[in-house]
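> Below are the chains, spelled out letter by letter.
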Amino acid sequence: MATVTNTPADTHTADHGHDDHHHGAPKGILRWVLTTNHKDIGTLYLWFAFIMFLVGGAMAMVIRAELFQPGLQIVDPNFFNQMTTVHGLIMVFGAVMPAFTGLANWLVPMMIGAPDMALPRMNNWSFWILPFAFLILLSSLFLEGGGPNFGWTFYAPLSTTYSGDSTALFVFSVHIMGISSIMGAINVIVTILNMRAPGMTLMKMPMFVWTWLITAFLLIAVMPVLAAAVTMVLTDKFFGTSFFDAAGGGDPVMFQHIFWFFGHPEVYIMILPAFGIISQIVPTFSRKKLFGYASMVYATASIALLSFIVWAHHMFTTGMPVGAEMFFMFATMLISVPTGVKVFNWVATMWRGSLTFEIPMMFAIAFIVLFTIGGLSGLMLAITPVDFQYHDTYFVVAHFHYVLVTGAVFSIMAAVYYWLPKWTGKMFDVTLAKWHFWCSLISVNVLFFPMHFVGLAGMPRRIPDYALQFADFNKWISIGGFAFGLSQLIFLVLIVKACRKQGEPVTDQVWEGAEGLEWEIPSPAPYHTFDTPPVVK
Amino acid sequence: MAVEETNSDNQKDAGDMPTNTQRPNHAKTVGKLVFVVVAMFGFGFALVPLYEVFCELTGINGKTSDTAAVYEPIEIDKTRTITVDFITRTNTGMPWEFKAVTKRVEINPGELSEVAFYVRNPASRDIIAQAIPSVSPGQAALYVNKTECFCFRHQPLKSGEEAVMPMVFYIDPQLPEDINYFTLQYTLYDITERVDEPVDVAMNSIQGR
Ligand code: HEM
Ligand SMILES: [Cu+2]
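From first to last, the protein sequence lines stand for chains P and R. Count along the first sequence from 1, add 3, and you get the number used in the working numbering. Count along the second sequence from 1, add 979, and you get the number used in the working numbering.
Please keep in mind that the hints were generated in silico from the structure rather than gathered at the bench. We treat Cβ as the ideally placed atom computed from N, Cα and C, and that holds for glycine. Any given hint might turn out to be false.
[Said to hold, decoys possible] Using C-beta positions, here's what the derived DEER-type ranges look like: (1) P:154 to R:1115: 19 to 29 angstroms; (2) R:1074 to P:486: 47 to 57 angstroms; (3) P:171 to R:1174: 23 to 33 angstroms; (4) P:158 to R:1029: 14 to 24 angstroms.
Build the full structure now, drawing on both the sequences and the hints.
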């Protein structure tokens, strides 16, 4: 899309005084602690996200082991609840969001021709407070009384009246996570608005940059609301306020309104960057321009705006007036229109393209198909009377795992495969990658598809035991779960090999059809790029 | 904090990278964004009064007014009969017995009606209670006018005491046409620990009548 006229072959400028500018990265552990380099910080975020993905995944294995058979066999119900809660929190705030932030750090400056993020030292802080947030959260599991057990949505009064003392640690860790993502978002916005190379107009920006810009605005709009919600939970629990306590004049339903005012935009925070990634990958391997670039931008923006007026579709069963239920039902359905625009654009991009099916493309196509399944189950849930039956069943679990695992997580994997050769300068182990793809693809469907059926049949979510008629499906779900978990170890091996720089060297462009500034700098990407801004025509 | 940081970054960058000619003022952008963050944090809390006002105006959370209404003789609408059911429950950990003496009334809009609730404190300690009303469907809440209700006050009972608590109300004749049946539920909460009143004054609303 954007062409560069004076590509700096050697991106180092000769005339400045910092030694590290000349000799690449400094050595040793302090490099990682003190780094302000966007590529280092991107790497830190991505490794952190991957470790959290494995930790949260281990908790999912505990959940599926308990649900392998009906009856209580492995863990006690309270611990089971802690597992579902912390699994959700880790996957949302520890895996998916940091992974996207890591990708933004690596890619946004390279894509817009900037030398680094706008606020490099704040960047360092926003990463390094994250490990502490999760250490606090995880350590609460080992305290007397256990960690949080009220679900990742921490509904009052479960999180206020009925929770343990570790709630204070939960609140503290969520605050830190929030500060981290707000700082990250501010950095992304300032970088994109202020540091684009000459000629890189807004409507020439790659879709990944666009989707991240909009995501960052969503983040600064709703993460503070989450912070307010946890603060109110904290004061209700420990300082005698009654925001959510009916006895003192508060209202527990109000908690849900505040939480979902954050919560629904949050789910789009976890999917808009994925849309951006897919919009980068599909054109490359179709060897065509992205179909409907402008409509993609407008669709992303309207999804973001609409996401503020649909929150109560999570609360249909709280006893809203019919008028409100109708409003939220139709507003929710309206969101699937711009979402559909995106899916059609990707398909139209592939239409009559010269398609090849490299690993990133396989993940991207799997994303398109499986995310659409998740979108369709979402549409079913949006129908108020239908939701009365599906709410709080495994059908909802199936819905959000299709959009989040085969959606957000698959897009992150696609992105890693797509840009990894640019980062390391070597092609990853393609055989392992194929194993990873096919094992993940099959197991993830064995894992999540039957959840639709048990959900429709009435199996409630967040329970450690279930009625006998659900036994067969749950056995299969658990088998799929273990297989999906194991498949990710293939990914781990592949990444470790890639970081050790094993594999065939790649060209600067890496993929034949790839276009954009990041493919015009050398592979591996030098420690400093675009110290002299490129000129984009 | 972020703003200061930007300033220093800017200075550093300005000295550091003379090659990059157009370096706009990051501090200004950051300042605006930090303002949005602070405003949205405030908005999170502002949702609380907004929610309350909204519910008070629309009545959709089923809460009746917590102050006494004044009954001015109005025309009684004999053409409609409204059925009102009374339901009681106690919150978890609240040991009182709590029953509606009158389980149901059938009244005309505008007509004053008195009902009674029975409470007993079987626990070995003195307890102060607060009753919270909830009307379902919620829209009816706006049209329930109570001239007297035990829920307007804290209700103390000594260990072993019992009492009958009155509630007097009328239905506003403006009650929407499609509502001719609703439920009024009271939940009793133990608020002894929140309030410091001693439980020795018999409150005037708790009397055997
Ligand atoms: C076509 C678009 C979508 C529609 C119409 C839709 C609709 C819904 C509805 C109505 C619910 C509430 C179900 C219930 O609790 O009864 C729900 C739950 C959920 N959705 Fe979606 N959704 C859509 C897309 C997405 C996307 C893109 C994501 C995330 C990437 C997502 C994540 C979630 C999550 C996490 C929940 C469950 C939250 C919880 O209760 O723990 N959805 N969705
Ligand atoms: Cu939602």
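> So, for every hint listed, does it hold in this structure?
Do the hints match the structure? See the list:
For residue 154 of chain P and residue 1115 of chain R, the hinted distance range of 19 to 29 angstroms is satisfied, since their beta carbons lie about 26 angstroms from each other. A beta carbon spacing of about 51 angstroms between residue 1074 of chain R and residue 486 of chain P agrees with the range 47 to 57 angstroms that was offered as a hint. Evaluation of the 23 to 33 angstroms hint for residue 171 of chain P and residue 1174 of chain R yields a pass: the beta carbon distance comes to about 25 angstroms. Between residue 158 of chain P and residue 1029 of chain R the beta carbon distance is about 20 angstroms. The supplied range of 14 to 24 angstroms therefore holds.
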